[in-house]
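The primary structure of each chain is shown beneath.
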Amino acid sequence: MMLETSDLTVKYDLVSALSEVSLSAEERTITTIVGSNGAGKTTLLKTISGLIRPASGEIRFLGERIDAASPTDIVRMGISHVPEGRELFPRISVYDNLMVGAYLRKDRKAIRRDLDRIYQHFPILKDRRRQLARDLSGGEQQMLAFGRALMSDPKLLLLDEPSIGLAPVIEQRIMETLRVLTVDENVGVVLVEQNAALALSVASHGYVLEQGSLVLQGPANELIKDDNVRAAYLGL
Amino acid sequence: MAILEVDNVAKRFGKLAAVKGISFEIPEGQIRGLIGPNGSGKTTMFHLISGFLKPTSGDVRFQGHSIKGKRPHQIAKRGLVRTFQLTSIYREMTVRENVAMGHHVHAGRRGARSRPSLERLPQFGTVDESTEWILDFMALSDDAETTARLLPAGMQRVLSIATALAVRPTLLMLDEPLAGLNPTEKISVAQKIASLRDHGITILLVEHDVRSVLSVCELITVIDFGEKIAEGTADEVTSNPAVIEAYLGKPARHDA
Amino acid sequence: MQIVANIIFLSTFYVSFAVGLALVFGVMRTINFAHGEFYMFGGYALWMLINAFTGILPPGATFIVALIVGAAVVGILGILVQLSIFHRLREQPFSIFMATLGLSYVLQVAVVKAIGPMGQSVPAPFPGFILFEGMVLPIQRLVVFGFTVVMMGGLYLFLMHTDLGRAVRATAQNRTGAMLQGISMNHIALTTMFVGSALAAISGVLMGSVLIISPFMGGEALWRAFIIIIVGGIGSLSGAVVAAFLFGIIDTLMTTFGAGKFAPMVDAIIMLLVLSFLPSGLLGARE
Amino acid sequence: MINRAANRQANKIFLRACIGTAIALPLLVALPHALSVYWQSVLVLFTINAVSLMGYRLITTMGGWSFAHISTAGLGAYTTAVLTTLETPWSFWATFFLGALIAGAFAMIIAYPVLRTRHYYFFLSTFAAGEALRQCYVQFSGITGGTYGISFIPRPEPILGMDFGNSTGFYYLALALAVVVGLLLYRFDLSRLGNTIKAVAANEELSESIGINTWALRTLPFVMGSVVAGFSGVLYANFNGLINPLDFSSVLMFKLVAAAIVGGVATFWGPLVGLLYLTALEEVFRDFTQWIPLLWGVSVLAVILLAEGGLEMVIIRLVRRARRWWGSPGDRPPGGARQRR
Numbered sequence: 001m002m003l004e005t006s007d008l009t010v011k012y013d014l015v016s017a018l019s020e021v022s023l024s025a026e027e028r029t030i031t032t033i034v035g036s037n038g039a040g041k042t043t044l045l046k047t048i049s050g051l052i053r054p055a056s057g058e059i060r061f062l063g064e065r066i067d068a069a070s071p072t073d074i075v076r077m078g079i080s081h082v083p084e085g086r087e088l089f090p091r092i093s094v095y096d097n098l099m100v101g102a103y104l105r106k107d108r109k110a111i112r113r114d115l116d117r118i119y120q121h122f123p124i125l126k127d128r129r130r131q132l133a134r135d136l137s138g139g140e141q142q143m144l145a146f147g148r149a150l151m152s153d154p155k156l157l158l159l160d161e162p163s164i165g166l167a168p169v170i171e172q173r174i175m176e177t178l179r180v181l182t183v184d185e186n187v188g189v190v191l192v193e194q195n196a197a198l199a200l201s202v203a204s205h206g207y208v209l210e211q212g213s214l215v216l217q218g219p220a221n222e223l224i225k226d227d228n229v230r231a232a233y234l235g236l
Numbered sequence: 001m002a003i004l005e006v007d008n009v010a011k012r013f014g015k016l017a018a019v020k021g022i023s024f025e026i027p028e029g030q031i032r033g034l035i036g037p038n039g040s041g042k043t044t045m046f047h048l049i050s051g052f053l054k055p056t057s058g059d060v061r062f063q064g065h066s067i068k069g070k071r072p073h074q075i076a077k078r079g080l081v082r083t084f085q086l087t088s089i090y091r092e093m094t095v096r097e098n099v100a101m102g103h104h105v106h107a108g109r110r111g112a113r114s115r116p117s118l119e120r121l122p123q124f125g126t127v128d129e130s131t132e133w134i135l136d137f138m139a140l141s142d143d144a145e146t147t148a149r150l151l152p153a154g155m156q157r158v159l160s161i162a163t164a165l166a167v168r169p170t171l172l173m174l175d176e177p178l179a180g181l182n183p184t185e186k187i188s189v190a191q192k193i194a195s196l197r198d199h200g201i202t203i204l205l206v207e208h209d210v211r212s213v214l215s216v217c218e219l220i221t222v223i224d225f226g227e228k229i230a231e232g233t234a235d236e237v238t239s240n241p242a243v244i245e246a247y248l249g250k251p252a253r254h255d256a
Numbered sequence: 001m002q003i004v005a006n007i008i009f010l011s012t013f014y015v016s017f018a019v020g021l022a023l024v025f026g027v028m029r030t031i032n033f034a035h036g037e038f039y040m041f042g043g044y045a046l047w048m049l050i051n052a053f054t055g056i057l058p059p060g061a062t063f064i065v066a067l068i069v070g071a072a073v074v075g076i077l078g079i080l081v082q083l084s085i086f087h088r089l090r091e092q093p094f095s096i097f098m099a100t101l102g103l104s105y106v107l108q109v110a111v112v113k114a115i116g117p118m119g120q121s122v123p124a125p126f127p128g129f130i131l132f133e134g135m136v137l138p139i140q141r142l143v144v145f146g147f148t149v150v151m152m153g154g155l156y157l158f159l160m161h162t163d164l165g166r167a168v169r170a171t172a173q174n175r176t177g178a179m180l181q182g183i184s185m186n187h188i189a190l191t192t193m194f195v196g197s198a199l200a201a202i203s204g205v206l207m208g209s210v211l212i213i214s215p216f217m218g219g220e221a222l223w224r225a226f227i228i229i230i231v232g233g234i235g236s237l238s239g240a241v242v243a244a245f246l247f248g249i250i251d252t253l254m255t256t257f258g259a260g261k262f263a264p265m266v267d268a269i270i271m272l273l274v275l276s277f278l279p280s281g282l283l284g285a286r287e
Numbered sequence: 001m002i003n004r005a006a007n008r009q010a011n012k013i014f015l016r017a018c019i020g021t022a023i024a025l026p027l028l029v030a031l032p033h034a035l036s037v038y039w040q041s042v043l044v045l046f047t048i049n050a051v052s053l054m055g056y057r058l059i060t061t062m063g064g065w066s067f068a069h070i071s072t073a074g075l076g077a078y079t080t081a082v083l084t085t086l087e088t089p090w091s092f093w094a095t096f097f098l099g100a101l102i103a104g105a106f107a108m109i110i111a112y113p114v115l116r117t118r119h120y121y122f123f124l125s126t127f128a129a130g131e132a133l134r135q136c137y138v139q140f141s142g143i144t145g146g147t148y149g150i151s152f153i154p155r156p157e158p159i160l161g162m163d164f165g166n167s168t169g170f171y172y173l174a175l176a177l178a179v180v181v182g183l184l185l186y187r188f189d190l191s192r193l194g195n196t197i198k199a200v201a202a203n204e205e206l207s208e209s210i211g212i213n214t215w216a217l218r219t220l221p222f223v224m225g226s227v228v229a230g231f232s233g234v235l236y237a238n239f240n241g242l243i244n245p246l247d248f249s250s251v252l253m254f255k256l257v258a259a260a261i262v263g264g265v266a267t268f269w270g271p272l273v274g275l276l277y278l279t280a281l282e283e284v285f286r287d288f289t290q291w292i293p294l295l296w297g298v299s300v301l302a303v304i305l306l307a308e309g310g311l312e313m314v315i316i317r318l319v320r321r322a323r324r325w326w327g328s329p330g331d332r333p334p335g336g337a338r339q340r341r
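Protein chains in written order, with this note's numbering: chain A, 1 to 236; chain B, 1 to 256; chain C, 1 to 287; chain D, 1 to 341.
Just so you know, the hints here were simulated from the structure itself, not pulled from any lab data. Possibly wrong hints are sitting among the right ones.
Computed spacing ranges between beta-carbons, pair by pair [what the hints assert, rightly or not]: (1) C:Ala-110 to D:Ala-94: 54 to 60 Å; (2) C:Pro-58 to D:Tyr-112: 36 to 42 Å; (3) C:Ile-64 to D:Ala-307: 41 to 47 Å; (4) C:Ile-3 to B:Arg-61: 55 to 61 Å; (5) C:Gly-128 to D:Gly-146: 56 to 62 Å.
Nothing here was measured: the structure is a model prediction, and the numbers come from that model. Don't be surprised by glycine CBs; every beta carbon is placed ideally from N, CA and C.
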């Protein structure tokens, strides 16, 4: 197992945002966590990447405990988080955004090579490398957020709602790229999505989170047919 | 008669069109749901109606009068009151003080500011009596002296509705009142909302979560990408293909 | 033509003082009120070194030594302020602000007691004049201008073309985004305070060679700098540069036409007008 | 609707304050007779500063710390100084109110731009506006006398047989103003309006949504506080007999801010405790005047770094502890656990 959480509990003030969440994610696969708004998906990712301290429970990455590590150390170990809302640097160039992603790396040559690879995956970023990030369209910004995360040469990518606010055609393309990435770049992906059908169609394993607790898990192609999943969303 | 008429309202932020010409009407005494996935523009819509944002074009009429460009407190004084998505309370005040503060527009005058609409909330001569009634009605009496920030999230949500109620609205707009509550809390808040309607208050409820609005709302308006994509009863909306796609999404194509 | 020269001298002074303040503000999200005193320390560094090295080093060399020593010493002072005040009070920007306000008086009085309240001036390290196209250009002013350009160029290179500088810019724009790239906030804070304070000292050494050095010079420069960064757009370096030139032009023209004494009022009125109609300044980012 | 319970509560607290004042008043009236001339003038200046500071605290209740307060007070001072030294001098009593009015008008004019800003932006913009106003005192030397200022400002003419020519008489005038302003502002602080202003400071968005005109309720305390500053400025000018722009410099503004920080602004009394501390400090180190701003700065740093909330919080905590100690030793939590803040 690449990433494992066990009995992870997170509290804001006195209220539990996550209670005893135990899940795992494997290398070279997409694991998805679906659930409605406020279910605790974003909190889960922020806890893994060290932005939030858990109240109890463990997080292990490649066998090492990371639940007390700083965000810097977690990035250094190989986890890269593409946050909700993307959190780009709006008034610096696309190129600079990408290079900030490689902040902790010192191997200039390898950085150069990764930059070229990202430009291959997303040619539009190469065309616009001198433009400011805020001048990109929503889809392009999402690609930039991806690219920036890949620049740290991660082993595990955490993605928070990459499809948000994007037109369906772009959503499809993003998911397509994601699938290619896991195979080509050898990274594991944890994908958090409100768009369950989309997420489950690209993932191999899925978890359903509700009110901070896991309520369902299984292979994605089974979950997608599960009436409980549909009910969880639409109340059908 | 429609208490609220939203007439082709649009809002642009620079290049981004957040709301692209939405129209709908809410008849008096209805509980209306406004739903849509994240980023669909529903919160923007909410700000546009309550005066926290000014529409780029279109008009908003409340009880027949345009309220476009009016400041939020002026709109609130007319009886259109809103809550916030993130629980908004006076954190350092007690529950009672929060609700009493909600009486601001009525305090210091004889009786409540009269509303040109049906007013079935009981009438009170003093803020204290009214506060007492609201605390009781919203089941907050036991915590009346608690500092608001110490309440659990669900109770804080109830408190923010209670404070809005103190303004004695004719139209109450609730922004995700059920999000983040546990099932028991959800049921009790939903019941409160229904009984508010029975007191003559029209309600517009914005929710991300479809399930929670279905049981409460009489009519539901669905928006996505800043446009209205459906309107109808719970059954009509949930069987509408456009709505299903907006919420569940389309699976990724495996060809590509 | 003399007017143009004066505008450029004045504007570069405003730039050199305001830019460090704007940098610290942009990254730390709070004002370092002691920035004015750091600038004053730069002035006194020059004064002390010139006094100490008279006859030992040529004044021009002492000037350059003062630039380096002043920047280093005050930069370290900036780091101490970061560790003792900014870090301790992080998440409370207003308390930091008030604490540095207190600190600025402590430093000011310390200098008054150590050196005396009277203004001092140093003989120009690079004396003489150049007559050019009917303009009288004191060489020292040209040197100051030259070094300001070098300082701004250095800052530009640091911010635009080094990894650390890029990280500083990124942090100023989006803290969460920066943390997620593995950028350590402590590290960036120390860097910013060092660079910002060193810039204040450099500005002080430069201006100390043409203006009077006094314990109160920082306070006088500071409020002009506030106007500049508010008009330029809070946290925006390019905005600060634009506004510095704007006020350089206005103040020079007013002085030239005999209304110089009203310049402070006019500047403040411009600031109030900008706040009324463009609350985020000329080039400020809308939050 | 009438807010009866809150009113009753406020009246009760206010009544207690009135009784306290009534008891203290004879003492305060007798005080100057026990003091030397020097200490009488310290007392007068303390009283004038206290008035100014009560106005300042009112401004902070809307959530903003102004740095223009002392320059605004200067408007009152210059109004009286200019008008009472004309060839046909105005009566002090006319300038007394006119000065305060002008200070209020200035606040009203700058309110529109500066109240668009919050926190330290507000501080910076008021700093710049106040400094510009002070520059006016320097530059419009035809009216203000420039850096030399205005001298031979007469003391107020006697009224009802009261002579304000000596320190004691002037002290009674300052005391009367302090008591009137203090009681009025204290009642205002307890009133519904006062509470609403604090509610706006605590959560502006929510306040606007329940029908509170937040813009008006941020402007009101700013203007009212400035009017009070104007009154204090008028008295200062007449007491001192001469004024110049240095009397309204940022160092003295810092003293007011320091008093507010050191004392705290959560209670009405906090800033006054702070002022008492600063005045005591000043008198103890009377022979080292140059050091005094440093001592203020150190006090501010110490309070911010070590005693959050200022002396008022220290006092409140001590009183609570003392009460617990005296009241019921048995109830104390084991190990003296700290009370929730």
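Hint by hint, here is what the structure shows:
| no. | hint | verdict |
| --- | --- | --- |
| 1 | C:Ala-110 to D:Ala-94: 54 to 60 Å | violated (46 Å) |
| 2 | C:Pro-58 to D:Tyr-112: 36 to 42 Å | violated (56 Å) |
| 3 | C:Ile-64 to D:Ala-307: 41 to 47 Å | holds (45 Å) |
| 4 | C:Ile-3 to B:Arg-61: 55 to 61 Å | holds (58 Å) |
| 5 | C:Gly-128 to D:Gly-146: 56 to 62 Å | violated (36 Å) |
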